[in-house]
Every structure is written in C-alpha cells, then in structure tokens.
Amino acid sequence: KAGVTQTPRYLIKTRGQQVTLSCSPISGHRSVSWYQQTPGQGLQFLFEYFSETQRNKGNFPGRFSGRQFSNSRSEMNVSTLELGDSALYLCASSPEGTLGNEQFFGPGTRLTVL
Amino acid sequence: AQSVTQLGSHVSVSEGALVLLRCNYSSSVPPYLFWYVQYPNQGLQLLLKYTTGATLVKGINGFEAEFKKSETSFHLTKPSAHMSDAAEYFCAANAGGTSYGKLTFGQGTILTVHP
Chain A
2 KAGVTQTPRY
12 LIKTRGQQVT
22 LSCSPISGHR
32 SVSWYQQTPG
42 QGLQFLFEYF
52 SETQRNKGNF
62 PGRFSGRQFS
72 NSRSEMNVST
82 LELGDSALYL
92 CASSPEGTLG
102 NEQFFGPGTR
112 LTVL
Chain B
22 AQSVTQLGSH
32 VSVSEGALVL
42 LRCNYSSSVP
52 PYLFWYVQYP
62 NQGLQLLLKY
72 TTGATLVKGI
82 NGFEAEFKKS
92 ETSFHLTKPS
102 AHMSDAAEYF
112 CAANAGGTSY
122 GKLTFGQGTI
132 LTVHP
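As you go down the protein sequences, you meet chains A and B in turn. According to our numbering, the stretch in the first sequence is residues 2 to 115, in order. According to our numbering, the stretch in the second sequence is residues 22 to 136, in order.
Mixed in with the good hints, there may be bad ones.
What the hints assert, rightly or not - Here are the simulated DSS-like cross-link-like pairs (lysine-lysine), alpha carbons at most 30 Å apart as the crow flies:
(1) B:K90 x A:K2
(2) B:K90 x B:K79
(3) A:K58 x A:K2
(4) B:K79 x B:K89
(5) B:K89 x A:K14
(6) A:K58 x A:K14
(7) B:K89 x B:K70
(8) A:K14 x B:K70
(9) B:K89 x A:K2
(10) B:K90 x B:K70
Just so you know, these hints were derived from the structure itself, not from any lab. The structure displayed is predicted, hence computed values, not measured ones.
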C-alpha cells in the first residue's frame with residue numbers, strides 16, 4: 002500500500018495570506034489527524050477527522066481549519082498567516098482512529114511564512 | 022490533562038553501547054503509549070506501542086520498551102546502538118476517553134551515535 006502523501010512538500014507564503022495543505026491517507030484509512038511541529042513547541046495536535054466529521058480539536062485559533070472528503074482525503078487551511086505559523090505540518094492516518102490505534106505519518110509540508 | 026515528559030533533549034552514545042531514552046507520562050488512567058522516530062526531513066515512523074497486556078514491548082530495529090505503571094514510565098532501550106539509529110525520538114500517548122486520533126507528544130530526544 003502506498004503511504005500517507007502530503008502536498009505540497011514545501012511552501013513559502015507571506016504574512017496575511019492563506020494556505021491550503023492536502024493529505025491523502027493510506028487506502029482504507031478513515032481517520033486523519035493533523036499536527037504542527039516547531040522547534041519551540043514541538044509536536045502539537047491540531048485536529049482529527051473521521052468520516053468527514055471533526056471528532057477532536059487541539060488548542061489552536063480559529064484561523065486553523067480543516068475538512069475531510071468522502072474519499073477520506075483531508076485538507077487543512079490557515080488563514081491570515083502569521084510568522085509564527087512557520088512549521089512542519091504533519092498529517093497522519095489510521096484505520097478507524099480507535100483509541101490505541103497507531104498513526105501512520107506522511108512526510109509533512111514545510112510552511113515558511115515571510 | 023495528559024502530558025508526556027522525555028528526560029534529556031540530547032543523548033549521546035558510542036556505537037555498540039546501550040541506548041536508553043526516558044519517557045514519563047502523567048495520567049490518572051494508564052494511556053496507550055507509543056515511540057516514534059523521525060529522521061531529518063521525514064515524517065514519523067512507529068517503533069513500538071503499548072496498549073494492554075505484556076508490559077515489555079518489542080519493536081522494530083531491535084528497540085524495546087517497558088511499561089511500568091508504578092513509575093508512570095515507558096522508557097525505550099536498545100542493547101547495542103548502530104550509527105543508523107541517530108535520529109530524533111518521540112514518546113507519545115493517547116489518553117483514551119474521547120481522545121480519538123489525538124496523540125500527545127513529548128518534546129523529543131535527539132540521539133547521537135559516535136563511532
């Protein structure tokens with residue numbers, strides 16, 4: 002099976018712009034989670050989607066949003082970008098998102114905000 | 022709230038030496054626990070996980086971890102380090118309850134292996 006894919010791999014934006022990142026989970030996986038990784042804050046959970054519904058959300062401002070499509074592909078959007086949004090954004094999928102399920106991670110999208 | 026603490030942001034060992042990376046969790050209910058490894062410019066790869074049952078868990082690449090409820094610990098070990106083990110390691114927990122799809126990560130430990 003192909004692994005989790007994320008597009009684009011690298012992105013450069015300027016403050017105030019918005020950005021959309023895409024994630025394709027492993028075939029058959031219905032749960033998609035998103036994480037932000039920065040040197041200062043480490044890995045932080047953004048949100049999780051299952052069957053097109055957001056089941057869980059981390060402590061991020063409303064500028065961060067996401068959605069999931071019927072084929073389980075997911076997108077996350079960040080509006081009004083700030084310098085502090087520069088990070089590696091990781092997507093992970095699991096079969097059902099059941100408690101204790103391991104998550105399979107994609108390579109990430111590295112976002113730089115200038 | 023669930024938290025995960027990794028003691029030591031950097032660990033350095035010689036090739037062939039024991040690797041010990043420490044992880045403690047805080048929770049009133051034992052969580053599901055994971056160790057992931059991240060190589061530069063890559064995503065995270067699962068090394069091993071503990072859910073229920075046997076407290077000594079074996080993973081890939083010769084790594085293993087022991088769940089100790091009394092110490093709220095889940096330390097990662099490998100008897101003999103290889104150069105290829107140099108990477109950043111993350112301990113993570115899923116707290117149960119309604120924490121679907123949510124992993125709480127420690128701050129990470131960078132492992133350096135010297136020849």
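Has the given pair, B:K89 with A:K2, been kept, meaning a C-alpha gap of at most 30 Å?
The hint is violated at about 35 Å.
30 Å limit on alpha-carbon distance, applied to hinted pair B:K90 and A:K2
36 Å, violated
Given the hint that B:K90 pairs with B:K79, does the C-alpha gap stay at or below 30 Å?
17 Å, holds
Please verify whether A:K58 and A:K2 have alpha carbons no more than 30 Å apart.
28 Å, holds
Tell me if the straight-line CA distance from B:K89 to B:K70 falls inside 30 Å.
This hinted pair holds, its Cα atoms lying about 14 Å apart.
With the threshold set at 30 Å, check whether the alpha-carbon distance from B:K79 to B:K89 stays at or below it.
15 Å, holds
Can the restraint linking B:K90 and B:K70 be considered satisfied, given a maximum Cα separation of 30 Å?
15 Å, holds
Distance restraint between A:K58 and A:K14, which requires alpha-carbon spacing of 30 Å or less:
25 Å, holds
Assess, step by step, whether the Cα of B:K89 is no farther than 30 Å from the Cα of A:K14, and give holds or violated.
With a Cα-Cα distance of about 46 Å, the restraint between B:K89 and A:K14 is violated, given a limit of 30 Å.
Checking one constraint from the list: CA of A:K14 to CA of B:K70, max 30 Å. Satisfied?
The given pair, whose Cα atoms are some 37 Å apart, is violated under the 30 Å limit.
In this structure, the earlier hints numbered 1, 5, 8, 9 are contradicted, and the remaining ones agree with it.
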